[in-house]
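Protein chains in written order, with our numbering: chain A, 1 to 250; chain B, 1 to 638.
Simulated from the structure, these hints should not be mistaken for lab results. A couple of the hints might just be wrong.
Stated by the list, open to error - Now the in silico label distances, taken between C-beta atoms and shown as ranges:
1. A/20 / B/528: 40 to 48 Å
2. B/87 / A/17: 51 to 59 Å
3. A/138 / B/10: 26 to 34 Å
4. A/138 / B/349: 47 to 55 Å
5. A/21 / B/390: 36 to 44 Å
6. A/143 / B/467: 38 to 46 Å
7. B/10 / A/108: 51 to 59 Å
8. A/17 / B/472: 35 to 43 Å
9. B/349 / A/98: 26 to 34 Å
10. A/108 / B/9: 52 to 60 Å
11. A/193 / B/56: 36 to 44 Å
As the list claims (entries may be wrong) - Partial pick of chain B residues on the chain A-facing surface, computed with a CB cut under 10 Å:
12. 86
13. 90
14. 132
15. 161
16. 169
17. 178
18. 276
19. 306
20. 308
21. 383
22. 500
23. 545
Glycine is no exception: its CB is placed at the ideal position from the N, C-alpha and C atoms.
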Amino acid sequence: MKLHLRVWRQRRPDAAGAFADYDLDDVSPEMSFLEMLDVLNERLTLGGEEPIAFDHDCREGICGSCSLMINGTAHGPNRGTATCQLHMRTFADGDTLRIEPWRSAAFPVLRDLIVDRGAFDGIIQAGGFVSVNTGSAVEANLIPIGKPEADLAMDAAACIGCGACVAQCPNGAAQLFTAAKVSQLAILPQGRPERARRVLGMVRAMEESFGACSNFAQCEAVCPKSISIGFIARMNGEFLRAALAQPAAD
Amino acid sequence: MTLESKVPAGPLTEKWSRHKFELKLVNPANKRRFEVIIVGSGLAGGAAAATLAEAGYNVKCFCYQDSPRRAHSIAAQGGINASKNYQNDGDSVFRLFYDTVKGGDFRSREANVYRLAEVSEAIIDQCVAQGVPFAREYGGQLDNRSFGGAQVSRTFYARGQTGQQLLLGAYQALERQIAKGKVRMYPRTEMLDLVVHDERARGIVTRDMVSGKIESHTADAVVLATGGYVNVFFLSTNAKGCNGTAIWRAYRRGAYFANPCYTQIHPTCIPVHGDYQSKLTLMSESLRNDGRIWVPTAAGDARRPEEVPESERDYFLERKYPAFGNLVPRDIASRAAKEVCDEGRGVAHGGLGVYLDFEDAIRRLGVETIRDRYGNLFEMYERITGDDPYRTAMKIYPAPHYSMGGLWVDYDLMSTIPGLYVIGEANFSDHGANRLGASALMQGLADGYFVLPYTIGDYLSRHMGEGPLPTDHAAFGHVESEVRGRIEKLLSVGGARTVDDFHRELGRLCWDYCGMSRERGGLAKALEEIPRLRESFWRDVKVTGAGEELNQALEKAGRVADFMELAELMCRDALEREESCGTHFRKEFQTAEGEARRNDEDFTHVAAWEFTGDGNAPRRHVEELEFENVVPSQRSYK
Ligand SMILES: Cc1cc2nc3c(=O)[nH]c(=O)nc-3n(C[C@H](O)[C@H](O)[C@H](O)COP(=O)(O)OP(=O)(O)OC[C@H]3O[C@@H](n4cnc5c(N)ncnc54)[C@H](O)[C@@H]3O)c2cc1C
Ligand code: FES
Numbered sequence: 001m002k003l004h005l006r007v008w009r010q011r012r013p014d015a016a017g018a019f020a021d022y023d024l025d026d027v028s029p030e031m032s033f034l035e036m037l038d039v040l041n042e043r044l045t046l047g048g049e050e051p052i053a054f055d056h057d058c059r060e061g062i063c064g065s066c067s068l069m070i071n072g073t074a075h076g077p078n079r080g081t082a083t084c085q086l087h088m089r090t091f092a093d094g095d096t097l098r099i100e101p102w103r104s105a106a107f108p109v110l111r112d113l114i115v116d117r118g119a120f121d122g123i124i125q126a127g128g129f130v131s132v133n134t135g136s137a138v139e140a141n142l143i144p145i146g147k148p149e150a151d152l153a154m155d156a157a158a159c160i161g162c163g164a165c166v167a168q169c170p171n172g173a174a175q176l177f178t179a180a181k182v183s184q185l186a187i188l189p190q191g192r193p194e195r196a197r198r199v200l201g202m203v204r205a206m207e208e209s210f211g212a213c214s215n216f217a218q219c220e221a222v223c224p225k226s227i228s229i230g231f232i233a234r235m236n237g238e239f240l241r242a243a244l245a246q247p248a249a250d
Numbered sequence: 001m002t003l004e005s006k007v008p009a010g011p012l013t014e015k016w017s018r019h020k021f022e023l024k025l026v027n028p029a030n031k032r033r034f035e036v037i038i039v040g041s042g043l044a045g046g047a048a049a050a051t052l053a054e055a056g057y058n059v060k061c062f063c064y065q066d067s068p069r070r071a072h073s074i075a076a077q078g079g080i081n082a083s084k085n086y087q088n089d090g091d092s093v094f095r096l097f098y099d100t101v102k103g104g105d106f107r108s109r110e111a112n113v114y115r116l117a118e119v120s121e122a123i124i125d126q127c128v129a130q131g132v133p134f135a136r137e138y139g140g141q142l143d144n145r146s147f148g149g150a151q152v153s154r155t156f157y158a159r160g161q162t163g164q165q166l167l168l169g170a171y172q173a174l175e176r177q178i179a180k181g182k183v184r185m186y187p188r189t190e191m192l193d194l195v196v197h198d199e200r201a202r203g204i205v206t207r208d209m210v211s212g213k214i215e216s217h218t219a220d221a222v223v224l225a226t227g228g229y230v231n232v233f234f235l236s237t238n239a240k241g242c243n244g245t246a247i248w249r250a251y252r253r254g255a256y257f258a259n260p261c262y263t264q265i266h267p268t269c270i271p272v273h274g275d276y277q278s279k280l281t282l283m284s285e286s287l288r289n290d291g292r293i294w295v296p297t298a299a300g301d302a303r304r305p306e307e308v309p310e311s312e313r314d315y316f317l318e319r320k321y322p323a324f325g326n327l328v329p330r331d332i333a334s335r336a337a338k339e340v341c342d343e344g345r346g347v348a349h350g351g352l353g354v355y356l357d358f359e360d361a362i363r364r365l366g367v368e369t370i371r372d373r374y375g376n377l378f379e380m381y382e383r384i385t386g387d388d389p390y391r392t393a394m395k396i397y398p399a400p401h402y403s404m405g406g407l408w409v410d411y412d413l414m415s416t417i418p419g420l421y422v423i424g425e426a427n428f429s430d431h432g433a434n435r436l437g438a439s440a441l442m443q444g445l446a447d448g449y450f451v452l453p454y455t456i457g458d459y460l461s462r463h464m465g466e467g468p469l470p471t472d473h474a475a476f477g478h479v480e481s482e483v484r485g486r487i488e489k490l491l492s493v494g495g496a497r498t499v500d501d502f503h504r505e506l507g508r509l510c511w512d513y514c515g516m517s518r519e520r521g522g523l524a525k526a527l528e529e530i531p532r533l534r535e536s537f538w539r540d541v542k543v544t545g546a547g548e549e550l551n552q553a554l555e556k557a558g559r560v561a562d563f564m565e566l567a568e569l570m571c572r573d574a575l576e577r578e579e580s581c582g583t584h585f586r587k588e589f590q591t592a593e594g595e596a597r598r599n600d601e602d603f604t605h606v607a608a609w610e611f612t613g614d615g616n617a618p619r620r621h622v623e624e625l626e627f628e629n630v631v632p633s634q635r636s637y638k
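In isolation and in its complexed conformation, chain B is listed as follows (with noise of 0.2 Å):
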């Protein structure tokens, strides 16, 4: 199967338009036909359900959490982009595009990334028509703040909680459309594997995560919404539920999986404390528009930070990247964070930090800009650590943030599986080898509320009057005998080890191998120990309590299980990308100051990789990638 990104012709600034009048439509009357299977509610699920539920089709909406306001979206601070330019500062279209293309390493599909730019001022203008409380200025007009990547200022922002605003707003337009009936909402429902029949997505099969019960779904089309995998480190910024078992199952059913090497690590989180520790807390980016980051001049210095006087403290961003400073994309502040601590000039538990001091922002502005713009944060910060950022500098390290990487999808966001369509972080799309703060989000809404809803119509009118296949059917049969079979095996095993103790170990592998630095030795040693863990898991792990009830230790089973094959896939891409790009960094492909070195010639594309059966190599396909409106440069933040 060759790859077809069905890219539309024409110039960059006219294909979407041109695309969505090329689209066939389904007319109004029709749509309440169609059933779509929307599986997620954070703000790519969401904005999908509650727009197509307007627009007609019957929706039905699965999450993991009690309510679909609780999807992990709801994490997110710093905030959002838009090309709206109310700045007057030269934002504009093509710049947001430039951006976007350019923090990605140049490993993205210019036309997407263009449409996303298009569709941002839309977003923004929805947003706030439901009632989002974004940052105002004393005029009465929206606010903006920097974020990495950028020199413009175009990120609206409510306070630190972005994110629970936005997702808030998708939620309260899906609980209109669940009280007018058009949604059908299914809370604390896991979905575990997909249905494919006759080459097409035709449902899903879930278990409902209080009675156990394990049941079909069919639709006339399938969407999956369902976010980010870096869990797969065990240690991430997500949330503990977040997981990659519906992106892995719909792999392992034939949708392809692009660029799973992408991983990104984020530059600004509160540095490990323990080995009972659970998650990592991220400390918003917004947090280096008036932070700045610095660790000591000389290695092993153990004053406190007051006590370092300036001469003695480095600002290794500053020194290195002057145009940018604090502000350089992540991939190159967390790599940098690394080097010095690796030169053991690190800082908090075990050297692992780096400070971010709020001194001169203090002096500069007052205490009270301070808490105005970042007030929440600090006391976050002083919750989890017991130090008081007002007085003392921030610890940071980075940690295990976003998947790049995700389902390969083409223009119309439909992946290899006709019919089955992946929206927000859990598709591969838009942000190339390394994604820019504060456009996760836009990405989230633009494909949920303003692309999805339009290349959907294309595929179901083709469909018109066939109908779901019933759920009686021996393909709905067959998966839920193979979901109930995998559930029985994870209860029998009964060995001495528990899945977090498993998925710990699967974590520091992947960190250690595949984190923010990687080379060939280490990704081959991974390769190695990933399968033999995932077989000692299946012969030694221990999930207490039945199927048929609540069971908390038999959901994190079946994603850990999961994760145990798609690190494997990860450190596979990454040990075949014989290149370094944004946060896919190859110890053996540096320059002489150790930047990330590309190598455009035999890289420049997409990996999209074919499962091809338990023990079988996967395929690798490759889509090339074409550069029309920008040039491919070495990245500089100089």
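Isolated chain A (complex conformation) (with noise of 0.2 Å):
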């Protein structure tokens, strides 16, 4: 397969980008799509170009390191497929692809197609966990949890982090990344006792870092993860019990 790529190239955080162009003559169809990658980056390397810096380790679809733009779609055209699952078979001979970093504010580049995507864990900090020190937890089977209770928290549970939904949504809002593990501690019992305070916190830690949610629902569309806008909206139900539910004076 032949190839053209335009890649943004973009030297550090504050220095200018652009698009630069190549073209791939090579390609097999069995490639992933980071494996094309590679190629060129071998052929920048021996020509004395530096080559393309872009986020990548477990190359299996789970870490959420990879996260590229791919002709305007975060990770590209297959649903519910992150980049590194990409395989070139999904593209034609003589096709163009523009591979770009994420682009939201909260996301700033470090180089290349790299950005820092911090402010995730920072949401995660102001309540995405349950309070319970190592040594301190009960028998496992003592608390019965139902298999569709526990399938559906699994379901938000699959969350890889990778930032796909706020690279896609225009506003930039990250309510699905925080929505899926609201609801998988608030569905579970052992998140129950605090899922006031985490519904809570982790919106406050949301907003001060990601624009706003208008329902747009191209997260969903592009989360390798296929998960359900749905949780959005017991996220915001959430939100509004524990917020009914705080005294006036908070």
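Reconstruct the complex from the two isolated chains, following the hints.
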């Protein structure tokens, strides 16, 4: 396959970036998208140019490192697929691919296609946990959890924290990411004692760094784990419940 | 120096509880006065950092990813073992202990393994309390599945994402402590060396992977939780960034490296499909619960699997090992697959693959049950290969997966450098010559949640009031300048070959000569070729860019440079261990039926290697292993 690539190159966080053009004429359809970039990087290196920097680690769609905007879509055209799991057979000979980093004020570009997603950790710090110290847990089977609830919690917990939801959102909102964690922990009995505090804290932290949600639902469409926006509705419900229950003086 | 395992006296079942009582404690007010560095935020490091901070210690935690949540533990699929005996099928602490010692082919320390089995139950309790959404039965109780090397169902799982869920549990506990100011987190920060002064670990030297800044960090104790080193093979199931640098640098500073030749080859991975391949994908071992492994009876059979009639299929694991069938331990399953491929009966690209078939299981249980159990794995397979496993058999082949070898540690998980602890896959401790499935997650969390937090206090209490060494001390300056020198050297070679190109060549050498089967001649050859390759690396590598910026080529180059040295030690260890045990299969040492033949008389020991300087042969020390509670036998899964 022959491909034409337009890739965002930016040397430093404060430097101006620009697209650079590359032609590849030996792409195998069996390659993964990142392997295609590896091949290009090998060529660039041998030609004395610096390789394109991009985040990746597991290459199995689970660590959430990879984060490419491909022709304007986070993680590219396939539903429920992270960039690292995308294979070149998805594209056609002669295609032009525009490859960019996540674009969002909350995720500043560090170099080329790499951004800083530290703001996500900040949301978790604001309450995305159960406060249980090591050693203080009760017997695991003491509290039964119905299979449907456990499965639903797992659906939410599947989030890999890649940031595609934010990158695709016209407002740069982090509702889907936040809602997934709020929901997981609100569904499970272990998370209930802190549910009000949690949702208030996490939503506050989210709003500090990210945009507002206007129900575009583009987050769900690009989520590599197909996390449902139903969880956003659940989070809004949780939030309302918690806010109403707050003492007036708070 | 003699190796003191410090295994406590007394009966096996009481060793850990007695030892916990005998360990010195640090009182809560004093814990605040200690700083602990933890390198790594995977299951082991994340759990340890959270737990030590909860106890009151001040922790600095480092990882190379942009967030601690992305540590490679996230990729574990199948599950975690614990001896809860919820299935009422005869499990017990002793059985889990026994299975693990036997699975490791009687090359692990009894007392450590027993402790691991003992704390396994508390791990499940802890994770459930954190909100880990383990799979449940309709009655609301926890569900279990079976894994290789066991005849009981003791594996807890969260769909095919168990590692992810366990890690997020630990990560959330860690973030809670970060929010409280008890843990300072350093993401995108790579440890490049260890600082030892007065024969004690005092801190580390790191590189900020965004700015390129070299920095010193000091502490009262240092914990390495940096994971395994099978990326030495280039192609493996590990994440691309997994590396041996932290433990290798510690080895060069005096920590002994134990059993480097024990590397596990996982039987169920997606076969290689091209030269550009960057990594191999694991298909969880849990698939062997229901999938049947086979190859055509005749060599060169080119029909599609559906077209091969039952009578012309060889279910070779079921045939050779009727008692365990498709659930034999990994080393045995891998070797059996290699054998049938060597006979020309392999099925994928280059004849390097065997079928893993769900036809029978789907007929027996229905598509829905199979989808429920393995849906996401099947999807992943289809995404990568374009084949639909509901309709056609999967193709699988063994790939490097896990390192049982690692830095030598005593019962307290302390290395031969006082004040340097090693936990998780980075140490050598619990799995002997072969790890059983679902036991790495257990070990990482055992070390991090329940062992290190006790044992480290004993060391710290002995250094009460001394305080960390200031980072302007010459010991730090000296290491910093060595680190800088190395980086400059890498950047200045200006050769003609890329880092990946060298890494691939190194990986091929290791795979050919020190992979699934090994022999004297091949290992000797590897020991000649690796130093040659290393020399050519330092002469001809091309690393672009500068040191003071985000530079992925430089990061890789440093790691590969260390792998070039580690590979040699791995081959040397494999050569010196003149027996077959677990994953270490030496062709010269096999039974008439082609099974591993141990040499208990000469090799019932841990080999721990001491660095003696560049250009000098490393020194081999041994820790004798004593079996008082199980009798080493020829492993049989027939
Ligand atoms: C695909 C796959 C599936 C698996 N499935 C299972 C399973 O089902 N059950 C099971 O029990 N086991 C499984 N394993 C094994 C298990 O996942 C690992 O052994 C275990 O998670 C290792 O945990 P760890 O904490 O020791 O290291 P890791 O999780 O690898 O963490 C290492 C940490 O160290 C950091 N680090 C490394 N080097 C440096 C450095 N130089 N400087 C700074 N930081 C550094 C990394 O950033 C990371 O935070 C699987 C492994 C793989 C590869
Ligand atoms: S590299 Fe891990 S999710 Fe893509």
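Hints and how they fare:
1. A/20 / B/528: 40 to 48 Å: Roughly 43 Å apart at Cβ, these two residues keep to the hinted range, so it holds.
2. B/87 / A/17: 51 to 59 Å: holds, 57 Å
3. A/138 / B/10: 26 to 34 Å: holds, 29 Å
4. A/138 / B/349: 47 to 55 Å: holds, 51 Å
5. A/21 / B/390: 36 to 44 Å: Holds - the Cβ-Cβ distance for residue 21 of chain A and residue 390 of chain B, about 42 Å, lies within 36 to 44 Å.
6. A/143 / B/467: 38 to 46 Å: Holds: the Cβ-Cβ distance is about 44 Å, inside 38 to 46 Å.
7. B/10 / A/108: 51 to 59 Å: Holds - the Cβ-Cβ distance for residue 10 of chain B and residue 108 of chain A, about 57 Å, lies within 51 to 59 Å.
8. A/17 / B/472: 35 to 43 Å: holds, 39 Å
9. B/349 / A/98: 26 to 34 Å: holds, 32 Å
10. A/108 / B/9: 52 to 60 Å: 57 Å Cβ-Cβ, so the 52 to 60 Å window holds.
11. A/193 / B/56: 36 to 44 Å: violated, 23 Å
12. 86: holds, 7 Å
13. 90: Violated. Min distance 18 Å.
14. 132: holds, 8 Å
15. 161: holds, 7 Å
16. 169: Result: holds, 9 Å to nearest chain A Cβ.
17. 178: Holds. Min distance 6 Å.
18. 276: Residue 276 of chain B check passes; min Cβ-Cβ to chain A is 5 Å, inside 10 Å.
19. 306: Hint violated; residue 306 of chain B Cβ to chain A Cβ min 22 Å, cut 10 Å.
20. 308: Hint on residue 308 of chain B: violated, closest Cβ of chain A at ~24 Å, above 10 Å.
21. 383: Where the cut-off is 10 Å and the nearest Cβ of chain A is about 5 Å from residue 383 of chain B, the hint holds.
22. 500: holds, 6 Å
23. 545: Cβ of residue 545 of chain B sits 5 Å from chain A, so the hint holds.
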